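Colleague: Using the sequences provided together with the hints, build the complete structure.
Chains A and B supply the protein sequences, listed in that same order.
First residue of the first sequence: 34, per this note's numbering; consecutive thereafter.
First residue of the second sequence: 257, per this note's numbering; consecutive thereafter.
Hints were generated in silico from the structure; no laboratory data involved.
Given the structure is predicted, the values throughout are model-derived calculations rather than measurements.
Every residue gets a Cβ at the ideal spot worked out from N, C-alpha and C, and that includes glycine.
Mixed in with the good hints there might be a few duds.
[To be verified] A few chain A positions that, by computed beta-carbon distances, are all more than 10 Å from chain B:
1) D109
2) A121
3) T173
4) D204
5) Q207
6) H213
7) T233
8) V253
9) L261
10) T270
11) S271
12) L291
13) S299
14) L311
15) Q375
[Stated by the list, open to error] Restraint-style ranges between C-beta atoms, simulated for each label pair:
16) A:G335 x B:Q626: 17 to 27 Å
17) A:T273 x B:L308: 53 to 63 Å
18) A:P174 x B:A676: 30 to 40 Å
19) B:D291 x A:G80: 28 to 38 Å
20) B:Q506 x A:G80: 41 to 51 Å
21) B:N622 x A:G293: 50 to 60 Å
22) A:G80 x B:T817: 28 to 38 Å
23) A:L334 x B:D712: 15 to 25 Å
24) A:P174 x B:N622: 17 to 27 Å
[Stated by the list, open to error] Covered stretches of chain A, as calculated for chain B (at least 3 residues, CB under 8 Å):
25) 36-50
26) 59-73
27) 87-100
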Amino acid sequence: MTVSVCTEAPLGGDRRWLLHYGAVTGLTYDTIAPGGPKSLQCNLLSGPNFHGSVVAPGRIVKAFCGAQLVWSGTLDEPTPQADGIALAATGISAEGTTAVVAPATLPSSGTGTAGPGNQFSVDDNLDAAIARGALSWTRTPGSFTVPGFNGAGGTTPGVFGYGDPGGTINDALQAAMDQHAHPWYVLPDGTFFWFGWPTTPSLILTALTPGGGRTRDGMVTDVTARYLNSSGNATMTSFTGNAILRAALGRKEKTLDLTGLGNLTSLTPATNAIAAELAQSGQRAAWTGTFDAPRGLLRTLGGAPVDPATVTAGQMVKVALQDAGQWGESAGPGSITFIVGQTSYDHDADLVKLTPLQVAQNDLAGALRR
Amino acid sequence: MPDSLLVSGGIELLGGGVVVQDGPAAGTVMRLGQDYRMGAPDVDQDTVISLLMDGERPYGDRSKNREMSIPVMIFAPGRILLERARESLLQLVEQQSWELQYTPEGMQPLIFDCFRATIDQDQTGINEARQDYALVVLTFSALPYGRSTDPQVINITVDAPSQIAPVLLDGFEQPPGAAWYTTSSPRVEGARSVFTYGQNRGGRNFAPKDLSQMASIKVWTTVAGPGNARGYTLALADAHGSRWSVGLAQTRLRGNNAWDVITWRLTDAPSTFDLANVTGYNITVSGGVYLDNLVAVPPQSQVATSTRGGMVRIPGVMGTARAPVNVQLSRPSAAVFSQFLLHRPPQDAPELYTPLVPLDPTAVPNGTQQPMPTVDGQTGGLRFNGTYTVIVVFASFGGSGNRTITLDLRQFYNDAGVTAPTDHAGLTLTGVMNPTDGAMQIIGQVPLPLLDGAADNSAATWTVGVTSSVTTDRICDILLLDTRGETVFVTSTRQCGTFWVDEPDVIRDPFDMIGKIVGGTTRAQALSVAGDGVLPSRPLALDPGDNTWLMYNPQESPQATLMLYPRWRTVRLA
Chain A
34 MTVSVCTEAP
44 LGGDRRWLLH
54 YGAVTGLTYD
64 TIAPGGPKSL
74 QCNLLSGPNF
84 HGSVVAPGRI
94 VKAFCGAQLV
104 WSGTLDEPTP
114 QADGIALAAT
124 GISAEGTTAV
134 VAPATLPSSG
144 TGTAGPGNQF
154 SVDDNLDAAI
164 ARGALSWTRT
174 PGSFTVPGFN
184 GAGGTTPGVF
194 GYGDPGGTIN
204 DALQAAMDQH
214 AHPWYVLPDG
224 TFFWFGWPTT
234 PSLILTALTP
244 GGGRTRDGMV
254 TDVTARYLNS
264 SGNATMTSFT
274 GNAILRAALG
284 RKEKTLDLTG
294 LGNLTSLTPA
304 TNAIAAELAQ
314 SGQRAAWTGT
324 FDAPRGLLRT
334 LGGAPVDPAT
344 VTAGQMVKVA
354 LQDAGQWGES
364 AGPGSITFIV
374 GQTSYDHDAD
384 LVKLTPLQVA
394 QNDLAGALRR
Chain B
257 MPDSLLVSGG
267 IELLGGGVVV
277 QDGPAAGTVM
287 RLGQDYRMGA
297 PDVDQDTVIS
307 LLMDGERPYG
317 DRSKNREMSI
327 PVMIFAPGRI
337 LLERARESLL
347 QLVEQQSWEL
357 QYTPEGMQPL
367 IFDCFRATID
377 QDQTGINEAR
387 QDYALVVLTF
397 SALPYGRSTD
407 PQVINITVDA
417 PSQIAPVLLD
427 GFEQPPGAAW
437 YTTSSPRVEG
447 ARSVFTYGQN
457 RGGRNFAPKD
467 LSQMASIKVW
477 TTVAGPGNAR
487 GYTLALADAH
497 GSRWSVGLAQ
507 TRLRGNNAWD
517 VITWRLTDAP
527 STFDLANVTG
537 YNITVSGGVY
547 LDNLVAVPPQ
557 SQVATSTRGG
567 MVRIPGVMGT
577 ARAPVNVQLS
587 RPSAAVFSQF
597 LLHRPPQDAP
607 ELYTPLVPLD
617 PTAVPNGTQQ
627 PMPTVDGQTG
637 GLRFNGTYTV
647 IVVFASFGGS
657 GNRTITLDLR
667 QFYNDAGVTA
677 PTDHAGLTLT
687 GVMNPTDGAM
697 QIIGQVPLPL
707 LDGAADNSAA
717 TWTVGVTSSV
727 TTDRICDILL
737 LDTRGETVFV
747 TSTRQCGTFW
757 VDEPDVIRDP
767 FDMIGKIVGG
777 TTRAQALSVA
787 GDGVLPSRPL
797 ALDPGDNTWL
807 MYNPQESPQA
817 TLMLYPRWRT
827 VRLA
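Modeller: Dropping the structure here:
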């Protein structure tokens, strides 16, 4: 196989390779979009009673494939086992849950940019958190190329409303998703960037399984928003919807609660939030499972094989599968595509599981996330 | 000298009954009983791929331990000596690890690394013990392959072509026999190639040629006719009338005009054959093939190089199974260095694959497209089939601070008969780099080729252009490393005269899976640099026969000494 794993001291340095301490089995690691590296698990068969500092909680975990860093995160408390240690790590993208939004100036003028209600520049707050050392990320303004990601750039496209200061960076990033459909990603080396959901596929999967099939759960066809107008009165917008999906699969409605944004003097935040919801949940019937991509079955559009250990979430995949439930597409018969919401690479099986972005969020984590 | 089976260096089980000379069992005789089993490597199929049509395709190259069963008959002049002998034998084989050395008559010794044995003593009844005889059956696992007692050492210098010139045996300017035909196309190296349409034999006699310094014989081949499984049997004749059947090489060719290389090792030549006076050859093929340039090659030869390293072909590795290898790396100028890269491509890498793309180190990095190197005379073809880590190597930095590097990779179709929006496919990689991160920096990973094609495509060509936002930067090489290969990438904080990559010693340290990477002036002073680089997912190894490796240092092509203990499956052939 192709992946090797090491740990480093929390502030860098003291790199040590797990293979120096025993065999590594059961290695899996996940990425999510928006987000980045999410979680990693493996077993280190180091023999009983192993207490090396190489597995001390808080150490940085890095996975390399072909000398390239493909996953990074922080080691959680290891679990001793009869023949070694079970390791688990939380991905670098989760750092935003423990970094706060602390603007230099409290609302109503926000930080760096003035606007209606409680408006903040997420980029400025990101930079401030990075400068404080609360995030190990780096943010470089301007657009640049990241293979597989559409329009990668380092600048928040526009200001948007966000509740109270003191919340987490992750909350602010989620607001960017909810209100503007602006996903974000952190590479394993800490590079943070905004990107746009892809509209064309970059990968082709010869699917051996149909991704669990299709369901109407989690799908919406018509969205309205409840907000406070300039006078502070609760008001609702008219419905905005996907007529094609509605005609194909029936009407499913949803209300977005934007009263937390304060009094709005413009409908733009509401319009943006509705568009973001439809972009995420109003394109197709949801998938109910994952697609397995063993080595060799996932290729570029040009036909080159993609190493499953290097696949990240956030890319669009075109599925080569006859019976893929095309009735679930709002675009009608034709190519089946999905945006990868989560990848899970299994090193022992040498395959990556691809979870579509619009998958039925039937577990607690998924429900909380939504 | 008869066959020998030696337990832990002291107890001989063959040889017709050899009296133990030393230790508690001195004076007894231990002999191999009936129904012994030497076992065989157990195939470990990592993955079984269910084919979309019928059947499954096992995939994986790893083997599990072999299981051995050795019945030992113990004869002793007395009950007490019998018990002493049995106790000492059991004590030996119940160690964590021990060695079993097998030496067939007239051949070289082969060592199996064995592990704690389970013992069946129930074979010995009271009556047998009273007759001063015992039968003990030892069952144990051993590493899959036996190893030679002597290492094979291979010295490599990358910066210059081998000082020993290859010896051309047949350029196929003329047919080598009936039903063989010459042609100017397709061909690879020579002016002409030859072909035959079915099973056939060809050969030629010539004035004596000295192959004593050669490591192997190679020939380019591609398929002619239906099917693609082919066998090639080579035989040589010397000036004294001796004939040596070098061996049968079997392969599955990739397709029309997709050339493969067939090699035969010369290191297995019998002592009765005079390699210094070879006067002829014949080759038997099992089906229609093309052949181009039958050449004897020295221990190593270059594939593609720059003054900072190259892709080196290492032929003539002994053994019949892959063996972990130890590497000693230094600069020919004896200067210290801190960065190096070793890359072993996967076994099924395209024949034209070269991870090193030399650029003009004096050129301004303004994106000017430069061609990828010629490999064995070929410039065209799909030389990639996987995902590649792309490394930019700086000859010099034009200043401190960040710079944006853009790599523009292009694959040209070279097909004037096809109407397409453009004449090439392209890919751009962008990265922000800083001189503090060293001369070799990763810019990203990319699946290649940009556009897949027929297996025998020979028209596609490649160019690469690099742009730096600091125009006084100078970029000298691009490295494209297959993620399925093994890469050792070190950017040490210590400047050392020599670096060593040591194979893991699984006997003494069963938990060290990957071995050591150390640097220093001498081995006595060497310390680990593993924390300053990236290690591969498994130890470096050499396969029997031909291997190709990239050896690279951004300052000067490294020289290397490779040392391995060849691995064998049942007996040691050389």
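Colleague: Compare the structure with each hint and give your call.
Modeller: Each hint, compared with the structure:
Against the 10 Å criterion, D109 of chain A stays outside the reach of chain B, whose nearest CB is about 22 Å from its own CB. Consistency note on A121 of chain A: stated as away from chain B, and its beta-carbon is indeed over 10 Å from all of that chain's, at 20 Å minimum. T173 of chain A, annotated as away from the interface, has a beta carbon of chain B within 10 Å; the closest lies near 6 Å. Its beta-carbon lying about 28 Å from the closest one in chain B, D204 of chain A satisfies the requirement of being farther than 10 Å from that chain.
Distance check for Q207 of chain A against chain B: the nearest CB is about 27 Å away, which clears 10 Å, and the non-interface claim stands. Against chain B, the non-interface label of H213 of chain A holds: every CB pair exceeds 10 Å, the least being about 25 Å. Separation of T233 of chain A from chain B is adequate, the least Cβ-Cβ distance of about 15 Å exceeding the 10 Å criterion. Interface exclusion of V253 of chain A from chain B stands, the closest Cβ pair being 35 Å apart, more than 10 Å.
At roughly 43 Å, the least C-beta separation between L261 of chain A and chain B is larger than 10 Å, which holds for a residue marked as non-interface. Distance check on T270 of chain A: its Cβ is at least 40 Å (rounded) from any Cβ of chain B, clearing the 10 Å threshold; non-interface status holds. Listed as outside the interface, S271 of chain A is consistent with that label: its C-beta sits roughly 43 Å from the nearest C-beta of chain B, beyond the 10 Å cut-off. For L291 of chain A, the shortest C-beta to C-beta distance to chain B comes to about 37 Å, beyond the 10 Å cut-off, and the non-interface label holds.
Every CB of chain B is more than 10 Å from the CB of S299 of chain A (nearest about 36 Å), matching its label as outside the interface. With 10 Å as the threshold on Cβ separation, the claim that L311 of chain A sits away from chain B holds: the shortest Cβ distance comes to roughly 32 Å. Residue placement check: Q375 of chain A keeps its beta carbon more than 10 Å from all beta carbons of chain B (closest about 20 Å). Hint check: G335 of chain A to Q626 of chain B, Cβ distance near 22 Å, so the stated range 17 to 27 Å holds.
Checked against the given bound of 53 to 63 Å, the beta carbons of T273 of chain A and L308 of chain B, roughly 42 Å apart, lie outside it. For the hinted restraint 30 to 40 Å between P174 of chain A and A676 of chain B, the CB-CB distance of approximately 37 Å keeps it satisfied. Checked against the hint of 28 to 38 Å, the C-beta distance between D291 of chain B and G80 of chain A comes to roughly 35 Å, which is consistent with it. The hint said 41 to 51 Å for the Cβ distance between Q506 of chain B and G80 of chain A, and at roughly 43 Å that hint holds.
Between N622 of chain B and G293 of chain A the CB atoms are about 52 Å apart, so this pair conforms to the stated range of 50 to 60 Å. Take G80 of chain A and T817 of chain B: their Cβ atoms lie about 34 Å apart, and the range 28 to 38 Å holds. Range check, L334 of chain A to D712 of chain B: about 22 Å between beta-carbon atoms, so the 15 to 25 Å window is met. For P174 of chain A and N622 of chain B, the hinted distance range of 17 to 27 Å is satisfied, since their beta carbons lie about 25 Å from each other.
Counting residues of the segment 36-50 of chain A whose C-beta sits closer than 8 Å to any C-beta of chain B gives 8, which meets the bar of three, so the coverage hint holds. Counting residues of the segment 59-73 of chain A whose beta carbon lies closer than 8 Å to any beta carbon of chain B gives 0, which falls below the threshold of three, so the coverage claim is violated. With a cut-off of 8 Å between beta carbons, the segment 87-100 of chain A has 4 residues touching chain B; three or more are needed, and the interface restraint holds.
Violated hints, in rising order: 3, 17, 26; the structure is consistent with all others.
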